[in-house]
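Going down the list, the sequences are from chains A and B.
Taken in order, the first sequence gives residues 0 to 205; the numbers are from numbering that gives the first Met the number 0.
Taken in order, the second sequence gives residues 0 to 363; the numbers are from numbering that gives the first Met the number 0.
Hints were generated in silico from the structure; no laboratory data involved.
Note that CB positions come from ideal geometry on N, CA and C, so glycine has one too.
Any given hint could turn out to be false.
What the hints assert, rightly or not - Partner residues aside, some chain A positions facing chain B, computed with beta carbon under 7 Å:
1) 115
2) 155
3) 156
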Amino acid sequence: MQPLPSKLLEDAVNEMSSLPGIGKKTALRLVLHLLKRDTAAIDQFSGAFVKLKRDIRNCNICHNLCDEETCTICSDRNRDRSLLCVVEDVRDVMALENTGQYRGIYHVLGGIISPLEGTGPSDLNIESLLLRVQTGEPKEVIMALSATMEGDTTNFYLFRKLKDFNIKLSTLARGVSVGDELEYADEVTLGRSILNRTPFENNLNR
Amino acid sequence: MELKSLSLVNFRSHRDAAYNFTEDVAVFTGPNGAGKTNVLDAIHYLSFCKGFLNPTDSQNIHLGEPFFLIEGKFKLNEKNEQISCGLKRGQTKIFKRNSKEYAKLSEHIGLFPLVLIAPTDIVLISGGSEERRKFTDTVISQFDRNYLEHLIRYNKIVQQRNAFLRQGQNDRSMLEVLNMQLCRYAPEIYEARKSFLNRIAPLFSKYYQILSSHNEEVSLVYDSGLNEYPMEDLLERSVERDRVMQYTTEGIHKDDLEIRVNGFPLRRYASQGQQKSILIALKLAQFDVMAELKGIKPLLLLDDIFEKLDQDRITALMTLVSQQHFGQIFITDSHPERVTDILGSIDCPYDRFSIELLQQTSQD
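Can you make the complete structure from the sequences, with help from the hints?
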């Protein structure tokens, strides 16, 4: 790209393009767009990030992102506290919340075990998960991690740590997507589905 | 399976060439750089959707031309089949069977099986154990789909475990989790390799005996830690060593195919001629295994394999492969008369193609 006519402009473009998925050209377009806004709008824009970084908290129970000490899910009295769902990060909480099917509470690990990427068990919120389970409140821990090798490793690790507690340990079902035709389902998933088939009664009241 | 004809346009050194095959043996002779091997490379394309000489497709287009096209007419299970592979510069390769384009190239690979013996394959004998593991894995994955899947997962966990060992943490339960995952895949891979070895080893010994006129005995032994201990025990026993070495020292990723000549490990003293004969015996054994499992006789491509072999072994080899047992064979040799003289002496009919140097620049 051509050298930019202003050092200030160049700094702004460099900052913008430091974001994932944003190249130099897109960065320039966004920066020029911001430049057209009035000063108050820009203050509001940049202030939002400063405030976000300064004031955001992790829930002191489940480590989800929130504004208060405790997140809205953990402080909701109507939630079923005997069900504890372990997820990788905040996006997974949102995905599960969007289903509208889950009334339990969460525990956000903050990542997934992958020694190759330098993430070991001690980098994740596993100690606090064990403390929560020790209280005896959760009766079932659901491991809702990605169906990848790293997800498997993390599941095995949690299983080892949790198997001696008097709780039920479960994991998300792997199966045929709703609305999918069998001939187009991938073989591994279909193979799992037939091995871990479910009683038909389970489908009656859904 | 038979290849009836082959036509090449702008493929490597060939601007425009066509060959009709009427006999089971086709011999290509000519000076260095004329393009004998390039004909075999084109046949390899029709079988594996890629060449064995240059992994970059676009570099196989004749210098300065806009495209290449390879077409072959086959007879498979009494049916005529036409396979074509074309590439325009800057576009993706177009692969067709009976004028219908494949959506995925992987659908084609394996339908028209082929066994190639090329000079570079000698690393299979002289190189490290990973070359022989790759050979084993490639052959097994062609008829066992789960095998490759399990192998990929196993290797991924080995990488994770090695990274974990390098970090030098003393987290016992993390190590056990990784061990548990290795133990989930290792036994299946081991069993698949063992049964493949049991199949190929006697064939290998038989073919080597024929090539060496029964002077030497060779054997193929599957060398794996799992021969003695289950994976769990192997990992348990090597835990201290793994910590010091900072990688996983035991497991099926350390397996080897050990080749023994008269009972002794080959690697240290075998002559180049012996190595070559061993390579050929191993590939012919692979041919038999594939023919049996797929029910189709693969094409057999022998690229310049006579160097370093004495006259007796060449004659033994040609007598062997010209039998009905092997299907159609394609041979290249820079010596104009050597192969044809031998074929003549054993009364084997053949097609002979003499390939001349192009006047213009060649890119062999």
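Structure-based check of all given hints:
With 7 Å as the threshold, the beta carbon of residue 115 (chain A) comes within range of chain B, its nearest partner Cβ sitting at about 4 Å, so the hint holds. Evaluation of the residue 155 (chain A) hint against chain B yields a held restraint, the C-beta minimum of about 4 Å falling below 7 Å. Taking 7 Å as the C-beta cut-off, the interface hint given for residue 156 (chain A) holds, the closest approach to chain B being about 5 Å.
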